[in-house]
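Construct the complete structure from the given sequences, taking the supplied hints into account.
Protein sequences, first through last, are from chains A and B.
Numbering-wise (this note's numbering), the first sequence opens with residue 1 and increments by one.
Numbering-wise (this note's numbering), the second sequence opens with residue 1001 and increments by one.
No lab work stands behind these hints: they were computed from the structure.
Don't take each hint at face value.
[Unchecked claim] Just a few of them, taken from the derived set where beta-carbon distance is under 8 Å, the chain A residues facing chain B:
hint, residue
1, 120
2, 140
3, 161
[Unchecked claim] Quick look at which bits of chain A chain B covers, simulated, 3 or more residues with Cβ under 8 Å:
hint, segment
4, 127-138
5, 152-160
No experiment lies behind these values; they were computed from the predicted model shown.
Just so you know, even glycine gets a beta-carbon here, dropped at the ideal spot from N, CA and C.
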Amino acid sequence: MLKTIVTCVLLFVLIALTAYIAFHYAPIERTMGIIQKIFYLHLPAAFTSFVALGVCFFANLMYVFKREAKWDWLGVSAAEVGLAFISVVLVTGPIWAHPVWGIWWTWDARLTLTFVLWLLYVAYLMLRSMLEEPEKRALLSALFGIFAFLDVPLVYFSIRWWRTQHPQPVILGGAGSGLDPRMRIAYLLVWAVFLALMVLLLKARYTLESARADVDELRREAEAV
Amino acid sequence: MSLLSNTAVLLGKELRTEFRSRELLTTTAVFILIVMVLFSWTFGPTTEEARRFSPGLLWLAFFFAASLMLQPCFLREQNNDTLSALRLSASDTFAILLGKVAANTIFLLLSELLLLPIFAVLYNVPIQPVLPEMLLVLFLGSLGIAVSGTALAAISSQARMRELMLPILLFPLLVPVLVASTEVTRSLFDPNPLVKWKGIGFLAIFDLVFLTALWLFGEYLLEE
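Structure below.
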């Protein structure tokens, strides 16, 4: 318990510190101005969500082959945490796009991919809530998670080839594409802090899921008596 | 070889079950017709607009119909308690899935072919000159829907609210098929028809990816 509190406080301080760095240390972008600051939330959240979904895919695969409940718990935790980060991406994106592109939303490759990802993992969590028996829920949702993950590159390329109308504004396009080193430091710091936050959330959610499984087990036993 | 012969036998069984009543085909065809007519009324398309929107509407109609048509393929087995018997009789569980995929592809294609002329008339789109290419797109698209749809129907049939869960699982997964097949169909309906081989190849890749996934993970789908 003490360890968790200490980690939380530490992370809170780190978040405050990176927020300071993102807002005061990193220079203000020349053409977009202050609105560009939202990228320090947007991009690291996107990268973090990809990491979380990668963890989810790995956990799904491990569950299918090993059939150990812990992989199921990790899978659902990673999906939920990933979904939270994708939601941050989907909310901050339009806030930035409206003043800069003049529109809230466009069906461009990255936006569409993010949105489809969000839908896929919402479907994954809904499926879980619709399956009663723990083992069946774990197996079937893991299989859906695997199919969903395989679908991601296909979604990306189909949208990129046939649906992208707008040329992409280049942010972080390739190594050293004129990004101020101070900006890069800010991005990397925020990403590191977000990853730490992801791990913390993942751990908390995992503990919750394992406790929930224990309660379920006890309830079953009680009902059987 | 035993996989193929098993699949053929199971496909025969699916087809026999369907053609005894033809329930699935007639209801699906009528459903597609209704969706097409509804779309036509909401948009009131002139020829120019129809050419732009109709490929998307056509494939959306097929998608909606597929999400309903795929429901019974495992429910029927569940209701009659025949899945365990199937599993015992087939040497490979993949053959069961493959038989269902083949059957669903055939049902989808048949209802699409039935409705394609009516679509051409309603939306005033010339289809005859590009018929062979159109058939190819219909086949690859329907196969993609059937492969992923059969896998997801196996999943959703075991869940609560299964009738709603199937489209919720299926549609986001089928985004690539929708985009690619709509794109290819649109360039086929153009006054100067153009065959987008990239799109056709993409559909083939989608089918291949999900067939492989079904082959790798199919046996787990049908576990009890």
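Against the structure, the hints come out as follows:
1. 120: For residue 120/A, the interface hint holds, since the closest Cβ of chain B sits about 5 Å away, which is under 8 Å.
2. 140: holds (5 Å)
3. 161: Holds, about 7 Å.
4. 127-138: holds (count 5)
5. 152-160: Contact hint for the segment 152-160 of chain A vs chain B: holds, 5 residues under 8 Å.
In the structure shown, no violation is registered for any of the earlier numbered hints.
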